[in-house]
Amino acid sequence: MSEKKIIEERSLILNRRSFLGKTALGVGGVALASLLGANLFRKNKNGILTKDDSLEGVKGILNSLHHPAKIKRVIYLFQSGGPSQLELFDYKPLLNKRRGEDLPESIRNGQRLTGMTAGQDKFPLVGSLHNFSQHGKNGTYISDILPYTAKMVDELCIIKSMYTEAINHDPAVTFFQTGSQQPGRPSIGSWLSYGLGSENENLPAFTVLLSRGTGRPNGQPLYTRLWGNGFLHSLHQGVQFRAAKDPVLYLNDPKGITKEVKREMLDNLAELNDKHYQDSGDPEIKSRIAQYEMAYRMQTSVPNVMDTANEPDYIYEMYGPEAKIPGTYAANCLLARRLAEQDVRFIQLYHMGWDQHDNLPGAIAKQAKDVDQASAALVADLKQRGLLEDTLVIWGGEFGRTNYSQGLLTDTNYGRDHHPRSFTIWMAGGGVKPGIVYGETDDFGYNIVKDPVHVHDFQATMLHLLGIDHEKLTYKYQGRRFRLTDVEGHIVKDILT
Amino acid sequence: MILQIISLGRLHPLLVHLPIGILVLAFLMELYFRKKDSGTEQKIINFTLAIAAISTVLSVGSGWLLGENGGYDETLLFRHRWMAVGLAIGSSLLYIIKKNPKTWTKKIYLPLFFVVMGLLGLTGHYGGSMTHGEDYLFKNEENTKVVITDVDNALVFNDIVKPILDDKCASCHNPNKVKGGLIMTNKEQLLIGGDSGSLFMAEKGESPRLIHHIKLPMEDEEHMPPKGKVQLTNHEIQLLEWWIGHENCFDCVAGTLDKTEKISDILNSLEEDTSPRALIAKEVAMVPDEWLASINNNGSIITKLAEKNPLLIANLSGNKSLGKNDLKALKKHAENIVELNLGNSNFNDTLSSYLTSFKNLTKLQLQNTKITDKSMESIKDLKHLESLNIYGTDITDQGLQKLTTLNGLKTLYPWNSKITKEALDSFSSKYKEVTVVSIQEDLFTPSSLEPPTIIADTDFFKDSVAVTLDYFFKGVDLYYTLDGSTPDTTSNKYIEPIILTSSVQLKAVSHKSGWEISPVKTVSFKKTNILPNSITLNNKPNEKYKGNGGNTLIDLKRGTINFIDGNWIGYEGSGFSATLKLQKEEVISTVSVGAFSSPEKWIFYPTGFKVWVSRDGDNFKLVHTEKIPTEKPNSDTKFQFFDLNIPPTKSTFVKVEVMSQLKNPSWHNNPGGKSWLFVDEIVLN
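Sequence order for the protein chains is A and B. Here the first sequence is numbered in the working numbering, starting from 1 and rising by one per residue. Here the second sequence is numbered in the working numbering, starting from 1 and rising by one per residue.
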């Protein structure tokens, strides 16, 4: 075990002990001191923590990748609420033909229902009111409410056979982000920040951008723990970039404080914290110092990234009319591209409002309009800048929707309930075969008949593309080694180049 | 008994070394001591020749017995045997002559010795051919190992199984040495099998013969390959089992056969990476970790491609103070660097000469740097370059021409450079292996005009507000009206932000010649110039949505689409009324109430209003009643002001009653449920 590892392990143990009080630590502290070399207590002339300490967390825990990576960064366009695959990607004309018929028990096969539809005595099948057409080299079917996505279909790998066990929003989104339906574990971005560190020391490795959908503006809420660091060091949490004057909260200095004054304050603070660290060995101190330093660097880098005024007009054209309005999905996509250019490792967008339990046809058209042009534009923009070949773009939600109507089925209106057994996501970028459709559902759009891909498989594949063996990036906590994919996950080799 | 005698033949490989060594020694001694005519030396030579002759005879004898065992090529055996016999006779003759020299024998002695030496060489050669194969001496040592680049398409027998058999079995089971009567060097012979039977057949309860012999314990003399020879590896055994498990699998392709995950893994490990990077990796050595650490401390980020991989990726992007020292520092191990990112840095032509030391680059990123065509000079000799990114640079058509020498180029990113479309098109058609990445220009051009975006700080202001009209692409004219009429190309054309000083309804459209005019977008702007002093709510709002109590309605903070933002107050299943007290007596002509509607959330617009005014706070006069029709079925989330026009009256107090839907309408998902009423502002004018 390398010395650094010994230090880390010991300091983790001391974290618990430091809670018990200094006297108890007296002996422990000495033992620690004797174990450690000069490293931890190294001071330069001014007694300030060195560059290594202020850059803590910028270098990942992995000394090198497990195998060559195909991608260096991920942009995850998460569609929160459960977008209906039957209105967007999975073309099932049988449902239109058999509209109104009850869902056969043989198809349903005991799938559990949510509390919302369990009370229904009929489960009338309903096909999409929106038409589908074929696009691209392979004649892939895409709904007419996604015209721009359809134009980019030759870049996309559409997976129609995703499945999950979670049936309600919070466990389902938590499952996608952390690998477990119960909260408390680190999110994907945190794992990557922990494992790979940041490629750009002036920006966090994990950033989050939120937007609300017009189809259901007050739809399912999201929780900050979805981009939380779980049991990893707090500096691995996702940093939310808001659409406001202060994109990152508490980043800017109060009035009257200059950069020089701030720097001096940080240096003195570091000195005090350094002394504290010598006494207690609490690793959270180092984490905190690193975050102050990162925040200091972000004071310059964040405004630069968020200032889209210098983007040429044709770029705004690409992303659509909303791209100039901060806080919209389109504006966030543009920002995502800018962050990707700055080598931010994991950029997560959340677009809310896809939970169409009722009024689906009208609402989903609005939701689709929110995201269609900007998502396609993002892929195109990354491509022409040469970024697509080492970036992975993912578009998808936490589960799909049922093929039967929730609530009243009329000629022009219907709703759909949650459906975890099959849904669609798409991926584009480095290492992924472009222009293919992977996996198939049955004609009823209910069960998967070919090539199922579980949430853990999806996570394992994403890590694989980043050069990480999902079974090897672990963190020991509460006595066992945790990993993003929990205890499962197979790499989906057939979609990889 | 006979078997025991025959097994003496096994001594032949041991004994055969004696005549070889001793005869050669005798020969050399004979030549050396020719000059000296001393008796001692001659005696020694005599003795040596005697031993030589005896050992030769014994060798021949044991060889004969061994030959009886069978399993050797007949021709080779014949020649070897009879030459050996000749050798035995010859060496015996040599001894006899030496012992009893006669004049005539002396003459033939030396020539005979030469002949014996020759026989020795030939006998030995044929013997060697029998054991090691006929072309052993001049066999091409270069491994004709089959390189599998695509394991799914590999032929199972030819590419995977045969190399194993050739390597581990063929030395004893070939046409020249047919142990057990079995030849394993080609398909036909494999099918025929050997003395014990077919390789593919199994004894009752056992595996097919081939596998059976392989899996016997080492001590068993039937175990194959025999103890002492190089054994089969675990992987090889599994592959052979897998192959035998499929009947008559001589033409089958690996991808089509069913396999367990273990077999898949083994097959994948056979796959050899022949990509350019893999080939480069074979030629360079690992870089010491200390060098990597020291470079990484100085601003660049150099990472290994993977653990145990000697190749490196160098990321110097974004470095606005890049200097020649940064590039020089990398020179020591430049051959390991396959990917170099200098994008968005201050890399320029002066530094470009340093690029030539990175001979093994497969990916080079120079986007958004100040390079010109001059830099292309340093790039044109990078023969391994596969991907080049020059977007956002000033490279022109001439620079593009310099890239024609890059034979390995697969992808080029020339977006937003000064290279013309024509040059790119002709380049693409000439060099079909290169993908010139570009996006179709009109891919994102919309098919119809959208209405303009109306941007203002608030739609609800005290003195004035500036409204900006914007459109997301240029070349579009924006027209607007403030009087409620539908705008068209004869209306006001938007030039600069519109300053509104009173309540208006702004309508705007976009127009571009040749395009249809866009739909109309309408936004109402409300001015409030009468600020109430205080407000009393006559009934309390719902606990969850009480905002700041009554003050929420007069704080001039407009609520947003998110009704839980604290700027709305909500009432469940009831309406409400509020009394506003003005600072001083004013003439009121309009009362506006801002309300929210989101039927799916059970929130509905008010169904009616009543307005009273008073001058003293006790006597109120009803001045306005209005009924609003129930909303039609919809699921839109929206909010708007309801303007109530009252006859202008001097008042100090205004009481407003807002009536609620009370119960969800019949078309609602939950009809009869308690409806909600949400209000954010009451504005007086």
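Do not take every clue at face value.
[As the list claims (entries may be wrong)] Once the Cα atoms are required to be at most 27 Å apart in a straight line, the calculated DSS-like pairs of lysine-lysine come out as:
#1 Lys331(B) / Lys70(A)
#2 Lys493(A) / Lys137(A)
#3 Lys493(A) / Lys259(B)
#4 Lys43(B) / Lys99(B)
#5 Lys70(A) / Lys359(B)
FYI, nobody ran anything at the bench for these hints, they're computed from the structure.
These are the hints, each one checked on the structure:
| no. | hint | verdict |
| --- | --- | --- |
| 1 | Lys331(B) / Lys70(A) | holds (26 Å) |
| 2 | Lys493(A) / Lys137(A) | holds (22 Å) |
| 3 | Lys493(A) / Lys259(B) | holds (15 Å) |
| 4 | Lys43(B) / Lys99(B) | holds (9 Å) |
| 5 | Lys70(A) / Lys359(B) | holds (22 Å) |
Against the hints set out earlier in the document, no violation occurs for any number.
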